[in-house]
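Please arrange chain B on chain A, whose structure you already have, making use of the hints.
Those protein sequence lines, which keep their order, are chains A and B.
Be aware that the first sequence starts at 1, since it is given in this note's numbering, and climbs by one per residue.
Be aware that the second sequence starts at 1, since it is given in this note's numbering, and climbs by one per residue.
No lab work stands behind these hints, which were simulated from the structure alone.
All values reported here derive from a predicted model rather than from experimental measurement.
Heads up, a few of these hints could be off.
[Stated by the list, open to error] Some, not all, of what chain B presents toward chain A, calculated at C-beta under 10 Å:
1) K145
2) F302
3) I312
4) K351
[Said to hold, decoys possible] With a straight-line Cα cutoff of 27 Å, these simulated DSSO-like cross-link-like pairs (lysine-lysine) come out:
5) B:K304 - A:K67
6) A:K57 - B:K74
7) B:K145 - A:K67
8) A:K79 - B:K73
9) B:K23 - B:K183
[Stated by the list, open to error] Simulated restraints, written as ranges between beta carbons of each label pair:
10) A:G55 - B:R76: 36 to 42 Å
11) A:T59 - B:Q429: 57 to 63 Å
12) A:T16 - B:L2: 23 to 29 Å
For each residue, glycine too, the CB sits at the ideal point set by N, CA and C.
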Amino acid sequence: MKTQLQIIEELNEIFTEVIDEGEVSLTPETTANDVDGWDSLNHIQIIYAVEKKYGFKFTLPEIQNLKNIGDLVNLIIEKSR
Amino acid sequence: MLFSSFSFFIFFPIVFILYWALKANRKWQNMLLLVSSYVFYGWWDWRFCFLLLFSSTFGFFVTKLLSETDSDKKRRLYMNLSIVVHIGILCYYKYFNFFISSFTDFAKNLGFNVDYTPLQIALPLAISFFTFHILGYTYDVYQRKYPASNNYFEFIAHIAFFPQLVAGPIERANHLLPQFANKRQFSWIKMEDGLMQMLWGFFKKIVIADTLATQVNYAFAHYQDLHPITLIIAVIMFTFQMYCDFSGYSDIALGCARLLGFELLQNFNYPFFSTSVSEFWRKWHMSLSNWIQDYLFTPISFNKRAWGKFGIFYAALVSFTISGLWHGANWTFIIWGAVHGIAIGYELLTKKKRKGWAKKYNPIAYSIGSGILVFIFWSFTQLIFRATSVDHFYGILKQIVTAKWVFQPEVNSVYLLYIVGLLLFEWFQRSKPYALQIINWPYYIKWAICALIIITIFSSKNLNNQTEFLYFQF
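Just chain B, same shape as in the assembly:
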């Protein structure tokens, strides 16, 4: 069920009313969340529910067994079993065809005659997200950070919790699970706050992202006939389409959870005001970056500590390449991840030197200069991300570099004003957890702004013509 679909507008109010009507009984509330989450998920394809149920049940019991033994050998065995099973399922659904066809392409290049018809495997939605969620939990218990859960229903309900299920934020068991174990308080302020964050998410998705998408899709499909300036504008537009789409989704998720008395992890923190790639990653898809840092980068760099600085570079490269592959079975994602890994590795190794440079220049000019460089780098990597294949990426890049420059964009560049407006508003509101957090403003201004946003959303022609959230494919 899409957040921005008609079915969700029926589904959510029903869940909301029943949920708060059961306020006195936390167990029934959790049961309602469990059932409604499976309905929400099964709306796409009911068969997916079995996989979700299997993964969370397996995660629960294997972690329980792990926590009940003191033998390091057995603990490691359970940890490895969990990794093999969860990553195995993920690889089967997501990467099987990719690995086989990459291998057959390679064999063909060597002159072997191999034939392969890809299997018809439907990718279950949310699989990358809940797999990481469960694996993180097992690893934390393995590291003795907190005890294993003893409540099966709370555990599977917290994995399936519908606001965060399909595209994150990738929750942590020690953050979300205690909220299932505690009583939820109804408060009007929280309701207002939750609704505003949802509204802001819908606005970014339906009004900004879906509008930019029309221009981006046109430019990426017809790049061979377009001027470099058009393509550059399209890449910038895609950078913000992705941002508004995904951060919009996260805002809806956080707002929706708040209406049910839950707080999810913050996923975005105004990334476009970053002055380094590392800072950008600390503010972009934060739940994934933190996951990568805790479960890949730190263990790898610790493991390779004898390698000195090279170990750090290696850890950055490996963890970001894996993060790229996590996004999808395509070489473009792997290259995208590796390029970010190299950039992060470079920044880590030159930290001291860059501190020295910063002292030499005017701090404001240095920050603005760094911010622009980071933005150019980020947008360039978004081009790799959006391209459908390496050839597609190369084709667009070649067109930008070699085609004749004509300063007459062939996409509607008026939409760039959306981006400028968004950035100005975000800059002004950058100390808030989300830009539309205006609950403390005078009520007539606050409600006028909200009314305006609602009218804009409902008058948008994108409303009947929506695209799926981009991160649903991952």
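With the rest of the complex left out, here is chain A:
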């Protein structure tokens, strides 16, 4: 089982690659407003990259209910069980 910290490290890589506007450094409290270039469009691409990385699928309501990175990490942990 991965820890929250490990998942955040992996998300940093995914975000940096998808957004492609320099290094991204996330914390559980980070929201879309805090990251330059994180908009609703690359949000969907980020979600797709996360799905590929961890090997499961999200549903649309799951994605729409996320408030910050902490929520995303918890969802990943829950879905990986």
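Below, chain B alone, put in the same frame as chain A:
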């Protein structure tokens, strides 16, 4: 009943007085709104009321059933049932003849001999608006965004609520429904604010839109005999006729609702100062663009996320083409929607590149340049929108491109000053929810301006010669 008709000027004050007289009893107030909304709607054709009642009743119960089950399979079944029934009704009234005649035209082109006499189907007013309103509600409950309504009368009253019924804003149940469940407060400031917004709406519709309409209608009807410059002016005039007509309607709707203690969704936010097509859409018919984004674009792009950037382009193209078709059963609307879909898709895919360009140039010059390009694009697509058929559009375009340029407009170009005046006033007031929001100005200036506007409206020769609001046909 038209907002700008004599009957409405009798109807609304009666509703207003009775409504606030019932202030102590919210249930009776809601009942009054329900009955008056059906009177308002039935004024055109009483038979339409049955369809509205059926659609909202069906929407209410199917969503209630959906919310009461935990089985995903059943929930999906109810959701699909709702889509099939509501879209089915919409297609029957709005698109049946279009689909059949497009098909027979196609068959004829292939050499088959098919004969088809279109059915006489009267298009019920408001059907596209309330269908989207109800479907959005069911989908939100399906997605578990909020619980289903338990109050049938409040629900059907909020769907039929007359200020927004005929041409929007396309409301959201979680925005409007709680307002029916809560007590409405009477306040003089709100009354003043509501009246001013209505006044501004009437001014834009009766004084600006209907005046421009006379020139536009002439030019679009006689395009074969007119010079390119005349046609270009007519297209620009139509762009603003549409804006003043539709945003005028929305202002009247919002103002009228405010007089009854309700707030409707903002529908326009000074779109002509946009520097991209995407921004224009965020500020133009906002209740529709948000609807398209939440219920078409997001689900489609999510569904096609494995396609990468192409999935986004595809989602933009499909959702805008559907939005085009929503406007009416005509190929011009479909092309109009698709062209916007392509433009939005292009902007989404080149976002980063465009950010880079913006850094290279002077920011003000870049914004003005982009604003002008967006305006040209928008006006061009308004030409497709206004044309009665693809041939009509092509004919006008051909005339603009091939006819001889003579710099002597054959329409009254003085009316272009209306547009300049409007844009200047809007620029000055662009931080306000609507341009005539001057309630904080000194009272003598404020009332002088209002008096002037009222005089202008009543002295306008359009008053006895009004056209229907353009969005009533959709």
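We went through each hint and held it up to the structure:
The criterion of a C-beta within 10 Å of any C-beta in chain A is met by K145 (chain B), whose closest approach is roughly 8 Å, and the hint holds. Look at F302 (chain B): its Cβ gets to within about 5 Å of chain A, closer than 10 Å, so that hint holds up. Checking I312 (chain B) against chain A by beta carbon gives a least distance of about 6 Å; that is within 10 Å, so the hint holds. Because the closest C-beta pair between K351 (chain B) and chain A is about 8 Å apart, less than 10 Å, the hint holds.
This hinted pair checks out: K304 (chain B) and K67 (chain A) have alpha carbons roughly 23 Å apart, not beyond 27 Å. Between the alpha carbons of K57 (chain A) and K74 (chain B) the distance comes to roughly 21 Å, so the proposed pair stays at or under 27 Å and holds. Under the criterion of a C-alpha separation no larger than 27 Å, the hint pairing K145 (chain B) with K67 (chain A) is consistent with the structure, at around 14 Å. The straight-line distance between the Cα atoms of K79 (chain A) and K73 (chain B) is roughly 21 Å, inside the 27 Å bound, and the hint therefore holds.
As the CA atoms of K23 (chain B) and K183 (chain B) are separated by approximately 8 Å, the hinted pair is consistent with the 27 Å bound. Remark: the range hint 36 to 42 Å for G55 (chain A) to R76 (chain B) is contradicted by a beta-carbon distance near 25 Å. Taking the beta carbon of each, T59 (chain A) and Q429 (chain B) are about 44 Å apart, not inside 57 to 63 Å as hinted. A hinted range of 23 to 29 Å for the beta carbons of T16 (chain A) and L2 (chain B) is inconsistent with their spacing of about 57 Å.
Consistency with the previously given hints fails for numbers 10, 11, 12, ordered from lowest to highest.
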